[in-house]
Amino acid sequence: DVKVTQSSRYLVKRTGEKVFLECVQDMDHENMFWYRQDPGLGLRLIYFSYDVKMKEKGDIPEGYSVSREKKERFSLILESASTNQTSMYLCASTPVGRGNTIYFGEGSWLTVV
Amino acid sequence: GDSVTQMEGPVTLSEEAFLTINCTYTATGYPSLFWYVQYPGEGLQLLLKATKADDKGSNKGFEATYRKETTSFHLEKGSVQVSDSAVYFCALNYGGATNKLIFGTGTLLAVQP
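Those protein sequences? They're chains A and B, same order as listed. Mapping to the numbering used here: the first sequence position 100 is 100, numbers consecutive. For the numbering used here, add 1000 to where a residue sits in the second sequence, where the first one is 1.
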């Protein structure tokens, strides 16, 4: 089975802190994604990566950056956390190709106080 | 641009009732369509998918048919169970190099015994 692992399930951080959310997939997928999930807004794409060291902005990249130094790992970075970044963050991965299933991690609940 | 619209929830049903969750889409091309399910405290799992017009996706008693003429992909189940209580997301993508998913806002289903 494909496994997408998000290292932290629950985090509480202070405003202004730098926050790292880590995601690892074990199926050699080319594409990896970070989404943010908020009630009434569904899932919104923050950033995605289609290859090592390659990244593209999604719909809501402001306040975030990403890093993909190895194919299996995709990190989301909050340079200076703010309270409006309190949310559930979901990592996902998929191989290239039409109709391929996208696999999600279990999510990281981040609270910024 | 492309988008997905789902019926607002919550949808509350009694066990063994018939379920329909409406989903319509706007697309510039010919996407694949998906239903994902999120159980409480978990990430998203693929429930079913359809990759071209008139395809029917099915899984665990759920089914949805890709209707190009009405740009719809409604989710149905003949007899729901308490264990079906979850949030259901409709989504589309085009595959290709990046394989990004575009999600609806999600519909909460609550099934009462």
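Hints are computed from structural coordinates only; laboratory data are not their basis. Accuracy of the hints is not assured; some may be wrong.
Cβ-to-Cβ under 8 Å is the rule here; a few derived chain B residues that face chain A [as the list claims (entries may be wrong)]:
1. Gly1043
2. Leu1044
3. Lys1049
4. Lys1056
5. Ser1085
6. Phe1089
7. Leu1101
8. Gly1104
9. Leu1109
10. Ala1110
Computed list of lysine-lysine pairs in DSS-like fashion (alpha-carbon distance at most 30 Å, straight line) [said to hold, decoys possible]:
11. B:Lys1068 - A:Lys3
12. A:Lys3 - B:Lys1052
13. A:Lys55 - A:Lys71
14. A:Lys18 - A:Lys3
15. B:Lys1056 - B:Lys1068
16. A:Lys3 - B:Lys1060
17. A:Lys55 - B:Lys1060
Just so you know, even glycine gets a beta-carbon here, dropped at the ideal spot from N, CA and C.
Of the numbered hints stated earlier in the document, which are not met by this structure?
4, 5, 9, 10, 11 and 17
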